[in-house]
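Asks: Got two chains here, each in a separate frame; can you build the complex from them with the hints?
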Amino acid sequence: MTDPSTSSGQAVLTPVLTANWGDERAWKIGNYERRGGYSALRTALQMEPSEVVSVVKDSGLRGRGGAGFPTGMKWSFIPQDNPKPKYLVVNADESEPGTCKDIPLMMASPHTLVEGVIISAYAIRANTAFIYVRGEVLHVVRRLQQAVREAYSAGYCGPNVLGTGYDLEIIVHAGAGAYICGEETALLDSLEGRRGQPRLRPPFPAVAGLYASPTVINNVESIASVPSIIRNGAAWFSSMGTEKSKGMTIYSLSGHVTNPGQFEAPLGITLRELLGLAGGIREGHELKFWTPGGSSTPILMPEHLDVPLDYEGVAAQKSMLGTKALQCFDETTSVVRVVLRWTEFYKHESCGKCTPCREGTWWLVQILHRLEAGQGQEGDIDKLLDLCENILGRSFCALGDGATSPISSAIKYFRDEFEQGMHTPAWELFPYERSTVFVREPAGAQA
Amino acid sequence: MPELLEPRPGAAGRHVGGNTEEPMGHGEMKSYFDEPSLDYAVTDTLIDDGVREELASIAARYPQPRSALLPMLHLVQSVEGRVTPAGIEACAEILGLTTADVSGVATFYTMYKRRPVGKYHVGVCTTSLCAVMGGDEVYARLQDHLGIGNDETTEDGAVTLEHLECNAACDMAPVMMVNWEFFDQTTPRRACEIVDALRAGEEVTATRGARVVTWQQAERVLAGFPDGRADEGVTSGPTSQLGLRVAAERGWSAPDPNDFRTTGDDSAEEAK
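Here the protein sequences come in this chain order: A and B.
In this text, residue positions in the first sequence follow our numbering: the first is 25, and each later residue adds one.
In this text, residue positions in the second sequence follow our numbering: the first is 1035, and each later residue adds one.
If you are wondering where the hints come from, they were derived from the structure by calculation, not from laboratory data.
No residue lacks a Cβ here, since even glycine has one placed at the ideal position from N, Cα and C.
One thing to keep in mind: the hints can contain errors.
Claimed, not checked - Negatives, chain A to chain B, calculated, CB over 12 Å:
| id | residue |
| --- | --- |
| 1 | 185 |
| 2 | 186 |
| 3 | 190 |
| 4 | 418 |
| 5 | 444 |
To be verified - Here are some, though not all, of the chain A residues that point toward chain B, as calculated from beta-carbon distances under 7 Å:
| id | residue |
| --- | --- |
| 6 | 159 |
| 7 | 167 |
| 8 | 198 |
| 9 | 276 |
| 10 | 278 |
| 11 | 284 |
| 12 | 301 |
| 13 | 459 |
What the hints assert, rightly or not - Listing some non-contacts, in silico: residues in chain B with all C-beta distances to chain A over 12 Å:
| id | residue |
| --- | --- |
| 14 | 1073 |
| 15 | 1085 |
| 16 | 1086 |
| 17 | 1123 |
| 18 | 1149 |
| 19 | 1171 |
| 20 | 1187 |
| 21 | 1205 |
| 22 | 1253 |
| 23 | 1257 |
| 24 | 1258 |
| 25 | 1261 |
In isolation and in its complexed conformation, chain B is listed as follows (with noise of 0.2 Å):
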């Protein structure tokens, strides 16, 4: 099978309705320890005394200063545009572990990025139920549309394509994400007008969720810095209602409570 064990130059595309030959994408076959780690050569930072601070006032919320360091690591890409350098020493320093430390970290988990990434992150759901449902089309049409494949950024640095792993609303299947806000049952049309959208920078809300911030803005917020949007959009999808609409047109509701308050002892002593 060396045709398998081989990924192709440039063949981000999953395999969609037959009639290509790339079912590659992923780096499926390829080693996570090939992809590339943390670029050394960079050594220009936007990390100031006023971001210390900000880091260090996040290891203040913990009882050990050590769980800070996920939030810490997102505040550094809010500034930095990815994870740097720089970025791991300020942690390093302030909480008082070795670089190899806050790098072993850095390197664990998906959503900090070693490369820089767009203004706009868009991902789409390629897990089994998304991908069957229409995700590998979405997918595979947003490669073409921007001509990037997985994990790249268009020229212009607006828009970084990945596809992602499950992200919890398989009931809106395909779902895709910008910057992490949900853009539900999505099509491959509406996803090219969404990206060409936030390309042409027009302001972009989403499906549940609020405006769409940049994906540095996005990163403070999830480093524990509100941006006070959380009143902006739905309370929830439509999906979501779907069983307590059945439930209002059937006249259906959970017991009442009061056919179970049997001794009355409780609620005597609640009236006082």
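Next comes chain A alone, as it looks inside the complex (with noise of 0.2 Å):
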């Protein structure tokens, strides 16, 4: 392996979101500002809506919540023509296992999220935007609504914005506790005060979204990278990342690594060299597998270690790069555990809306309970693969196609694990306190 930081022209991390996230407060308004903070706002308001559109479009930037569409192409499909209002919502509900980049944003420099809001909605032309965040999270939602009152007051949002006539309203939203309500559609649904379950596309949220009306949503780190490419320009983001997957991101490294963390890097860069980084993985360990971007990728092995980490790269092995959550694994971990832990989320969250996920995982899990205990059945595993078929297209949103994943990916790279679940419990293959983190605690602490 060469030295990363010589491997290219390109600096190894690039940190610009999380540039001042070791600042004192770096949360108050005035810190923000003391570093350039709302001067790319100011910019953004001397220019026509359509052009901050076009610059977004031009940098490449796409969305960074997990399905990767261009995001300046998202805000275009926005008929301006329509006469209803336009809305802008921050999809803030990071929820899905392993993520983790999007909580210590808003906690660190909410700032950097309402100024992209601001920019973000009077590029599409509206007039009311909401970050909808989860509610679990206590901290970020207190800074999200200091945040949002500093703006106001510095006359960054509100009516008037800056003496140009542009008003806007945000809403700080707190939700409930339904990793669903990460879906957009069932994030509408959640706005508007129902339970959150998804609706039925088409109509996309850009034609009939919040209130049936024109919707843009966002995830939060897609919109916070909106104010440094409007700083900066688009050449400069794009001079950033690979081919098709421009600029910089957060990668989020947790599970069996000596130092767990986060890390922005321009898109591309390999799980093999990230782990360089965060010192590999912990001592007198080995990784056994990996997740790309979150539960809902196939996981991956230490095969595709040298995979480049940017969307085309992680799609090519069959996986995704979803939110980046590179969730890591020593040889002391059950796949079996570990994929039944996954399931029984997925059942949990499942919203029942449809019937292939709400049956089909709440199935999923007693099986893989029964491999556990080392009780499975013959053909457990066959069964599994065809309940996985039959969710996997058949529901009515990523929710069951995301339960699907890790126990297909998981059966496709580990079967003879599930095969032992038959005889063996996987606590008697895999001893689960040899996984913890506090293994080494005394044992008069743990006893």
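Replies: Here it is in structure tokens:
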């Protein structure tokens, strides 16, 4: 392996969104402004809204919430001849297992998001914007509420933004605990005060979203990237990354890593490079499997360490870049146990609207439970795969599809471990305490 | 598999370490439709005209009032300590909905509780990564230590324990939440110390967050009524700053924007 710092002209890490995360009280508006914050807003307000859309289009920014849809293009789908009000909704419902980038961003530097919201709302000519943040992060909600209040006081939002005649209301809206609300149409139903269940598309939210009006829904990191693009230019942004995956992004390294954490790098970095910066897999252990972008993205193996972590590179390995949530598991880990827990997650979070997901996740959990307990029955593995086949592509939204990813990919790589579930409990094959971070904690403290 | 299909009484424990036979917990084999519905026997309420006014003020924030229902239910919980029939009726009345509409919403989201919650809601993440990293052990130890199972409250009304799905702090696993504040990189021993301090009435501060308020006070913030604690706590955790520190050590940074200002037109205009 070559030294990453010399393998290209580019810096390996490129902190932009994370640049102020170490600052004292970075969440205060004054500290944000001292770093040049809100200068992009002033620049944007001197441009035509359509020009702002063009710059974001030219930058090549793609959605950072998982799907990777070009952000500027999404904005351009808003029919400007539609007389209804336009809405911007930020999806801050970060809940995909493994994903932990938006929450620290909003806690450390909520103004990065708020400035992005104002510029983006201006670009699509929305006069109301919502930040839909999951409810289970009290301090993040506090920091967002305060940041929005500060922005109002500074004249960055509210009526007549900076004297331009543009009006914008921003509403911080706390959810109430439902992973499905990260799905954009379920989020809209939830934001309308209903059960968070996905809608049939078309019509797409750009045409009939919130209150059946044209609506853009973007992930936190996507919107937070906008101020830097406006400030530094599309060419600057697209100088980072790979051919079709432009810009910098936040990679979240978790699990059996010596130093887990957040790394902001140009798209296309590899897990091998990131592990090199994180001190590798914890001492005395080796990587067994990992996810590139959360539990809904099929697992990958050590042989995929050199796969470029961009949209195309990961897709070529039949997985997805997703949210760049790199969960690493070492050889002490039972893959059956991990897959069971993820499946329990999907079962718990299934909204119940469609049968394949509601019933399918139910059956998957039951089978995985007995495999974990070493009480699997003949045909169980094929039954799991059959169930997955009947959920994938037959569910109302991506939650059902996501539920099948860990199972079918884990069976692909670790079928023998599932076979062992016919006779031996997973906790005997992989004593669970060996996987913990405090495995070295004195026996007296644990017993 | 009859033994797997039957939820064990009091078997709130998840399987830990291979020395017990308690794989259930969660009610994995139990239907969510078995969950107790709203307790309509409860008739006393703290919802008065002042609370109604506050509920109505939430509705006024939104282009369409019904959008306020989630924060309004958070406010109901902050007043009542759970979602009560009176709270449902108040929301329905203010929004012009049926109580069935409101109940349908209140029973969909996991943060809305139909039974009284303790002063402190303690959640332990047991989704795969945290579970593997020690969340299962933390959760099991807390159950033993507190003598309660999932979604149960200690007799003194101090602590309600619940195992959680992923709370978006995976780089700081295993994660525990107290009233939705982060307690990162916890251990079984540390978790017990925290709940002991809470029960003793001591002031406890989150790893990344503020001094812990009560569950009902937290619910008020989620309803959109700030409590003035936004400036407490750190900017971010050490793991959040890891990439930043590595970049600084190695002299790495994002490209210089000046290298890309080729035309000069934009900057000239800006200068005016």
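Asks: Are any of the numbered hints broken by this structure? If so, which, sorted upward?
Replies: Numbers 19, 21, 22, 23, 24 and 25, in rising order.
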